[in-house]
Amino acid sequence: MIVKFLKDSWLVLLAALVFGLGVSGIYGQLKPRIEQNAQLKIARELKELFGEDAMIDPKIDPEDSDGKRVLYYQANRSGQTLGYALEAVGGGFADNIRLLLAVDAEFEKLKGIAVLKSNETPGFGDKIKDAEFKGQFGDCPVGQKLIVTKSGERSVVDEKIVSITGATISSQAVVDIVNGGVERLREIVK
Amino acid sequence: MPARRRRYRIKCELIGRDEVEEIKQLERPESLVHFLRGLWAENAVFRQMLGMCPVLAVTGQLQPALTMGAATTFVLLCSALVVSLMRNLLVGHLRILMFTLTIATFVTIADLLLQAYLPEMSVKLGPYVPLIIVNCLIIGRAEACSSRKGIFTSVADALGMGLGFTFGLCVLATIRELMADGALFGVAVMPAGFVNWNVMKLPAGAFITLGILLGLTNHFFKKA
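Those protein sequences? They're chains A and B, same order as listed.
For the first sequence, the working numbering assigns the number 21 to the initial residue and increments by one for each residue that follows.
For the second sequence, the working numbering assigns the number 371 to the initial residue and increments by one for each residue that follows.
Keep in mind the hints are simulated off the structure, nothing from the lab.
Please note: incorrect hints may appear among the correct ones.
Cross-link-like lysine-lysine pairs, in silico, DSS-like; alpha carbons within 27 Å at most [claimed, not checked]:
| hint | chain 1 | residue 1 | chain 2 | residue 2 |
| --- | --- | --- | --- | --- |
| 1 | A | K137 | B | K519 |
| 2 | B | K519 | A | K67 |
| 3 | B | K592 | A | K149 |
| 4 | A | K61 | B | K494 |
| 5 | B | K592 | B | K381 |
| 6 | A | K51 | B | K381 |
| 7 | A | K147 | B | K494 |
| 8 | B | K519 | A | K27 |
| 9 | A | K154 | B | K494 |
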């Protein structure tokens, strides 16, 4: 029985072993670069939110055994705290949306948001990445929760976020992620 | 008239044009025949309608379409090489498992390479790179060619099919990007005042474009 099984499937077993080793070897080689790409993207977005000369200080989660997981980011300029930033994830229309949100040091205003990952509908939901929608979050007050409205002026800086036409769910999802993220950031930092 | 052309005409008059073409095909090296077939006569997109998922999903713009074509060609080439090498060891009922295992390995490698060297594109293509595993073009070529033919023929066949598939993706992407964004490779090319057709970005635009192209292909190239 076992002999027949081995006779039939030795190639499958051997190939699984060789291919598995090959893939893990390549992953081992490329992993540092893949991680570096993700960090560079976050660093680029943080510089855009806090300014080119801001010094970014990632605060590591003390409970993480690897000592790698970042709890939040603190931005400083010449010894002064400019603000804090956090990666936040939430459900979008098609897939999870991963955002980076930044608030000022006093937790009074949002510095802005950046979309790190989203798979929203092209032409509609993916407009959450456009400056026209994203720009509404710059300097928004964070004392009260942000709300989504269907009409209004996007250039007015207040707690009302004008949704994208045809993408109400994506717009609501971003606002919910930002509201939840700000609360979480406030709890962690204070 | 050159001597070669004159000989061709005499042969056509003696035994008929179709027969002369058939003999010409037979005289060509097998690998070249397989390579040329994939480019157009058996083009994956327009003639065989294989791998329709990426054809519809990632042809909104030229750059992702080209990347998807390159990734699929890479997987086709590598799996053709490996399957052809082990073709004499394949056991009937386990061969599909071996094909899938081989394809999955190279798709994972292609995905990792994209994440490492083209991270923006990897994010843009999202789940469609891992989904190359279920592209029936690749397993189809493994079954129809690589598991029966030698290395050179298999690799030439994979290259032809891969280039033909990339060509198909790029034709769709060119039309859709031009209509949806008025641009090619992200560079605006349409005159000022051109109104973007948003529908071309959406699945409906992909179906409409593919339908029209398939209709045109059948109209002009269908054998009598």
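Is it true that the CA of K519(B) sits at most 27 Å from the CA of K67(A)? Given that 27 Å is the threshold and the Cα spacing comes to 55 Å, the pair is violated.
Decide if the proposed pair is consistent with the structure: K592(B) and K381(B), CA atoms, cutoff 27 Å inclusive. holds, 26 Å
Does the alpha-carbon distance linking K61(A) and K494(B) stay inside the 27 Å limit? Holds, because 14 Å separates the two Cα atoms, which is no more than 27 Å.
Starting from K592(B), check that the Cα of K149(A) is at most 27 Å away, please. Violated, at about 45 Å.
Below or equal to 27 Å on CA atoms is what counts here, so check K154(A) against K494(B). Distance ~19 Å between K154(A) and K494(B) Cα, so the pair holds.
Has the given pair, K51(A) with K381(B), been kept, meaning a C-alpha gap of at most 27 Å? violated, 62 Å
Are the Cα atoms of K147(A) and K494(B) separated by 27 Å or less? holds, 14 Å
If you draw a straight line from the CA of K519(B) to the CA of K27(A), is it 27 Å or shorter? holds, 24 Å
Just to be careful, I want the Cα atoms of K137(A) and K519(B) compared with a cutoff of 27 Å; is the pair within it? violated, 44 Å
The structure fails hints 1, 2, 3 and 6 (numbered hints given earlier, in ascending order).
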